[in-house]
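Peer 1: Listed below are the residues making up each chain.
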Amino acid sequence: MLKATRLSKTYKSGKALDNASIHLNSGQISGLLGRNGAGKTTLFKILCGLITPETGTVSITSNKHKPIGAVIEEPGLYTYLNAYDNLKVFSQIQGAPTDIGTLENCLKEVGLPLNRKDPVRNFSMGMKQRLGIAIALLNNPDILILDEPFSGLDPTGVASLGTLIKQLADRDIAILLSSHLMTELHKVSDDLYIIDNGKIIDHGLTQDIIDSQVTLYTITGKNIENANVIQPYIVQKEKNKVTLRCESTAISDILKTLLDNGYNITACIPNITLEQLLNPVSK
Amino acid sequence: MMLALLKTEIFKLFRESKTWYAIAAVLLIELIILVAAYYQGAEILDLLLDNLQQSFYFEGNLLNGNLLLYIILNSLWFNLPLILMIVSSSLITEEYKNGTLKTLMLQAVDKRQLILSKFIASLLFTVMMLLLLMATTFVLAYGIFGTGDLVVYLGTLNFFPSEEAFNRICLAFASGTISMIFFTTVSITLGIFLKESAKTWIASAFFLILSSLLLKANFGWGTVERYFFPKLTNSWQRFFEYEVAATSIIIDNMVLIIYIISVVLIGTYYFKKQDVG
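Going down the list, the sequences are from chains A and B.
Numbering follows the working numbering, in which position 228 of the first sequence is assigned residue number 228; successive positions increment by one, without gaps.
Numbering follows the working numbering, in which position 269 of the second sequence is assigned residue number 269; successive positions increment by one, without gaps.
If you're looking for bench data, these hints aren't it; they were derived computationally from the structure.
Quick reminder that beta carbons are idealized off the backbone N, C-alpha and C, glycines included.
The reader is advised that the hints may include incorrect statements.
As the list claims (entries may be wrong) - Going by beta-carbon spacing under 10 Å, a handful of chain B positions derived as facing chain A:
| no. | residue |
| --- | --- |
| 1 | K7 |
| 2 | T8 |
| 3 | N98 |
| 4 | S162 |
| 5 | E163 |
| 6 | E164 |
| 7 | L208 |
| 8 | L210 |
| 9 | S212 |
| 10 | L214 |
| 11 | K216 |
Said to hold, decoys possible - Derived pair list, reagent style DSS-like, types lysine-lysine, alpha-carbon separation capped at 30 Å:
| no. | chain 1 | residue 1 | chain 2 | residue 2 |
| --- | --- | --- | --- | --- |
| 12 | B | K199 | B | K231 |
| 13 | B | K111 | A | K15 |
| 14 | B | K273 | A | K12 |
| 15 | A | K108 | B | K7 |
| 16 | A | K15 | B | K273 |
| 17 | A | K199 | B | K7 |
| 18 | B | K7 | A | K12 |
| 19 | A | K64 | B | K231 |
| 20 | A | K3 | B | K273 |
| 21 | B | K199 | A | K117 |
| 22 | A | K12 | B | K272 |
| 23 | B | K97 | A | K15 |
| 24 | B | K199 | A | K64 |
Claimed, not checked - Quick list of simulated restraints, FRET-style, between CB atoms:
| no. | chain 1 | residue 1 | chain 2 | residue 2 | range |
| --- | --- | --- | --- | --- | --- |
| 25 | A | K64 | B | M128 | 33 to 41 Å |
| 26 | B | K272 | A | K15 | 21 to 29 Å |
| 27 | B | L210 | A | N36 | 56 to 64 Å |
| 28 | B | K272 | A | H203 | 30 to 38 Å |
| 29 | B | L210 | A | N63 | 49 to 57 Å |
| 30 | A | T266 | B | K272 | 51 to 59 Å |
| 31 | A | K64 | B | A245 | 40 to 48 Å |
| 32 | A | A267 | B | Y269 | 53 to 61 Å |
| 33 | A | K3 | B | K97 | 54 to 62 Å |
| 34 | B | L132 | A | T5 | 49 to 57 Å |
Make the full structure from the sequences, and use the hints.
Peer 2: Next up, the structure:
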């Protein structure tokens, strides 16, 4: 659907992107993980045609009038207009339908209320993100690119945006989203690109990449800290919550034993930091 | 598509509060001039024309609607173009500031058509402002001060009968509109280059001041100087010379239109070439 090959871009401050290649498939959520300033936004701007790379090509297979919809950095909205008028303006300029029914459906689709008639300057960050996504989805693009969509959102906002992103992928939209937050990308993305200093340093299935580096897990459950099976692995324990150090291959056996012993496990979260992925160690 | 872009630009322009502040400012300046003229105009005129009034007969009161219209026309020198330049340049600088230009460019929109729609929206707004200024001044000036002969000082004192004065004022407004379009077009192109509102406003004010200074300057460059833009933005004033050099004024305005087109082309080329974001 989208194939970008050997993209490079240099600014006055230095090389922002160095021979980066990426490909997106329909219905797949791809994550791009990297520190701030790693080159994520530059890559997105090139994919969307906002800036021209020095080298490399971007090829898109789509017969849509607008192949890519995107929200890059903060969503750029007309803050003096309400959500409906923002949608109307961006629809009108590209010949998309501007009737009330269609625009209200766009708002509903991203979970925005129809009764908010005030200017979007009064909106929360989460609502602005949702409106930005609604605008990006105008004209039904095949590809959706979201730059740091979880930034500035509260936990509820993060969770509901994650759900929305998965729903969009179910409609066969190829989605590429960036973050410097490992946990959020882990929850939503099928495959993961790791970018550092403008270079794609790793790519693979999200779970495989995490499994290859993760050594710490946080498990929650009633009285879990007393379970005998986990005692050799515990590095930290609190009431109903423990952190274990073990190989990814061992965790499933530990969990199975806990369940067999009657413990009610409510969560098992791999603890992995961005730094671990950027500086991987061979196992 | 171009029409849709233009409609959207005009919709956004009139939903921005600063546009209404600009309209209010222009009308307020007009009102202040009329009030000042009502209270002090007669005294000043009597002082200036005391000797002439003893030797000549003037039809009606010299402090009349035509003189007021001429005085308001003189706002074309600085305050009106400055206000118009601020509003017009905001069409592009606000888009840069709020990140909406990036959102626009992420839609299925042609970059060249987008910027051309902004130039055309600015042109329509300028024409509308001149028409508004002209209409309100005609109503207020004639309503309060009535008609009469027009006296204008351009090196010498020129007197025009009331009906002729009206025609000259209408033509001057038309010519002045072309000058205003030139200034607003320049302000959008400055906005494209500078991107930031404050920098663009300063550059626009500087451009206006420079144009006024160069208008008065005489470098002895012959034809080049004759068609240098600052000399052309003043064509509307030439309708108040005793003998109207119609052909020369038309040529001047045609050359100014060529300047306008050139400025639009430069702005469009640079906008299309540059990266967004």
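Peer 1: Take a look at whether the Cβ-Cβ distance between K64 (chain A) and M128 (chain B) falls inside 33 to 41 Å.
Peer 2: Since the Cβ atoms of K64 (chain A) and M128 (chain B) sit about 38 Å apart, the hinted range of 33 to 41 Å holds.
Peer 1: Run the distance test for K12 (chain A) versus K272 (chain B): straight-line Cα separation, threshold 30 Å.
Peer 2: With Cα atoms ~21 Å apart, K12 (chain A) and K272 (chain B) stay inside 30 Å; holds.
Peer 1: Taking 21 to 29 Å as the hint, is the beta-carbon distance of K272 (chain B) and K15 (chain A) inside that range?
Peer 2: For K15 (chain A) against K272 (chain B), whose Cβ atoms are near 26 Å apart, the range 21 to 29 Å holds.
Peer 1: Answer holds if the nearest beta-carbon of chain A is closer than 10 Å to that of L210 (chain B); otherwise answer violated.
Peer 2: At about 30 Å, which exceeds the 10 Å cut-off, the nearest Cβ of chain A leaves the hint on L210 (chain B) violated.
Peer 1: For a C-alpha distance cap of 30 Å, please report whether K199 (chain B) and K231 (chain B) respect it.
Peer 2: holds, 26 Å
Peer 1: Closer than 10 Å between Cβ atoms is the bar; does N98 (chain B) clear it against chain A? Give me holds or violated.
Peer 2: It holds, given that the least Cβ distance between N98 (chain B) and chain A is near 6 Å, below 10 Å.
Peer 1: Does the Cβ-Cβ separation between K64 (chain A) and A245 (chain B) fall within 40 to 48 Å?
Peer 2: violated, 58 Å
Peer 1: Keeping to a limit of 30 Å between CA atoms, is the pair of K7 (chain B) and K12 (chain A) held or broken?
Peer 2: violated, 38 Å
Peer 1: Are K273 (chain B) and K12 (chain A) close enough, with their CA atoms no more than 30 Å apart?
Peer 2: holds, 18 Å
Peer 1: Quick check on the hint: K7 (chain B) CB to chain A CB, less than 10 Å?
Peer 2: Check passed: Cβ of K7 (chain B) comes within 7 Å of chain A, closer than 10 Å.
Peer 1: Holds or violated: are the alpha carbons of K199 (chain B) and K117 (chain A) at most 30 Å from each other?
Peer 2: Roughly 34 Å separates the two Cα atoms, so the pair is violated.
Peer 1: For the pair supplied as a hint, K199 (chain B) and K64 (chain A), confirm whether the alpha-carbon distance does not exceed 30 Å.
Peer 2: violated, 39 Å
Comparing the model with each earlier hint shows violations of hints 4, 5, 6, 7, 8, 9, 10, 11, 17, 18, 19, 21, 24, 27, 31, 33; every other hint is respected.
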